[in-house]
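There are 2 protein chains.
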Amino acid sequence: MSLFEADTAVQPTGNGCFAASVTDRWDGLAGRPLGGYVLAIALRALREVMPVPDLLVASAFFLNPVGPGPVQLRTELTRVGGRTATGQVRLHQNDAEALRAMATFSTSSLSGGQNLMLGSNPDLPPPDKAIEMHEGGVRPTAPIADRVEYRLGAREEPPTPGSRPATSLVWMRLTEGGGDDLFAIPFLVDAAPPAVMKLGATTSTTIELSLHVRAKPNSEWFASRATTSYVIDGYHDEDFELWDASGRLVAQSRQLARLPKSEPIAIGDVGDRLTPS
Amino acid sequence: MSLFEADTAVQPTGNGCFAASVTDRWDGLAGRPLGGYVLAIALRALREVMPVPDLLVASAFFLNPVGPGPVQLRTELTRVGGRTATGQVRLHQNDAEALRAMATFSTSSLSGGQNLMLGSNPDLPPPDKAIEMHEGGVRPTAPIADRVEYRLGAREEPPTPGSRPATSLVWMRLTEGGGDDLFAIPFLVDAAPPAVMKLGATTSTTIELSLHVRAKPNSEWFASRATTSYVIDGYHDEDFELWDASGRLVAQSRQLARLPKSEPIAIGDVGDRLTPS
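Those protein sequences? They're chains A and B, same order as listed.
Here the first sequence is numbered in this note's numbering, starting from 1459 and rising by one per residue.
Here the second sequence is numbered in this note's numbering, starting from 1459 and rising by one per residue.
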């Protein structure tokens, strides 16, 4: 069992309820457990009550911050259809609901539909030719930097207004394994440096995250593409794609997040800030 | 009161519950009320129990088909924060839950955050220079074609694999007014011809739709950009942007939807199929 699997394990407590322990091993730069890590725990609990095993699409609302410690999960099997099932999970900590997610599960044994890829995988050199993100700089002390290895391609040009979105291309790998775990996906789509870092932001608070799982992960390394197109009144989108090393699209996600009011963002030469500090 | 407002009105029945009537005036090409129309009813009910008025982000799961007729709505105020509030709404018809949505509302009186536009509005000629979608062809008999006027720019080249996503640019206008209604947004993001029509599909079933409202609508005409990037095993994404006539981004949405297995899709000269038939 990988560390990720152990740290997202859930124990049934009856009536569709589960207990889990949020560890401090997946804290991000903000000093709190990454939202995607907490979501992975919630969706793993929900999967326990689903008649089909494969996460297909999920949406999560982050209601209150979650810290390390015990959490309680209440699941609900909402609807069973022909090839899919949909349910809801609520995660509580200290008597407050901290996260609510709804998700549809499916089963790959019913596959056989059509395929057409009109986008393309992130333009990154192979992992062994890519540059370790913190090479030549200061590696952040956040636990996430121990749990995930990040590698970049060549440095990108800073974005110009109106020309293109702020895009960040990064290879990611769970340093202690577990990347073939379906429930690593909700974590991985939230674990790359946010594209708004390219605009000078150092933190951002997710309100809602939606996730489409497009294939089962079967890779150690994942190539990611994070894109922010519009910051309006402090709120920004982040689109995210996760591809495996063989060039298969594994997942897409989209977040609506909020920047702190106090922190100015800018278009310009902010390449140095790509390295979280 | 616009026809849209009247047809999405909700009546309180106590304890956070509401009644509404789904009309057959907003049926799409599939012969059923558009999912976005039903979602607008659900979110209007949810708004009634929110302490702040402005829809900010929503996610909806479409659980069962909805037909014309009465529906019941159960709302829940889940969390009230500093400048936002989050709740959930369940829509039932004939004793089956047909739609469940969660949404965060805010208030524009707390605006003042940062702005940075890195994408751009759809490249369409002004509405009065654009081409009526059904000009020279057969106008579909679906009620949606009476409720919404669609105008296109110049005919686009069909997409090529790997080169770019399937993108559809369309002006939209509610023919009987009501485009300045915040709750027209959930309808409008679902009312344009799906981008997969450019690949030859004539129908597609939405599983989940997430929606970010980025500005209050203040326009008669809206420019839209629908993009499908990946069809995998019959499932496809659809990203959608809605801009007002002055070039302001009003909303973004993303769907995960499923194509029928029987219907082949293709890259090629499918321009004729852009007009729903």
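These aren't lab readings, by the way, just hints derived from the structure by calculation.
Do not take every clue at face value.
Which copy? The list can't say, so a pair holds if one copy fits it or any two copies do.
Listed next, the in silico SDA-like pairs over lysine to any residue satisfying Cα-Cα at most 25 Å (straight line) [to be verified]:
#1 Lys1719 x Asn1473
#2 Lys1719 x Arg1483
#3 Lys1587 x Gln1572
#4 Lys1674 x Asp1697
#5 Lys1674 x Thr1685
#6 Lys1719 x Gly1577
#7 Lys1587 x Pro1718
Here's how the hints hold up against the structure:
For a Cα distance limit of 25 Å, the shortest separation of Lys1719 from Asn1473 qualifies neither inside one copy, at 43 Å, nor across copies, at 37 Å. For the homomeric pair Lys1719 and Arg1483, neither the shortest alpha-carbon distance inside one copy (29 Å) nor that between copies (44 Å) is at most 25 Å. Taking the shortest alpha-carbon separations for Lys1587 and Gln1572, neither the intra-copy value of 34 Å nor the inter-copy value of 37 Å comes in at or below 25 Å. Taking CA atoms no more than 25 Å apart as the test, Lys1674 paired with Asp1697 passes in both settings, with 20 Å inside one copy and 22 Å between copies.
Taking the closest pair of Cα atoms, Lys1674 and Thr1685 come within 25 Å of each other both inside a single copy (23 Å) and across two copies (24 Å). In the homo-oligomer, the alpha carbons of Lys1719 and Gly1577 lie at most 25 Å apart only across protomers (22 Å), although the nearest pairing inside one protomer, at 34 Å, exceeds that limit. Taking the shortest Cα distances, Lys1587 and Pro1718 never come within 25 Å of each other, neither inside one copy (36 Å) nor across copies (42 Å).
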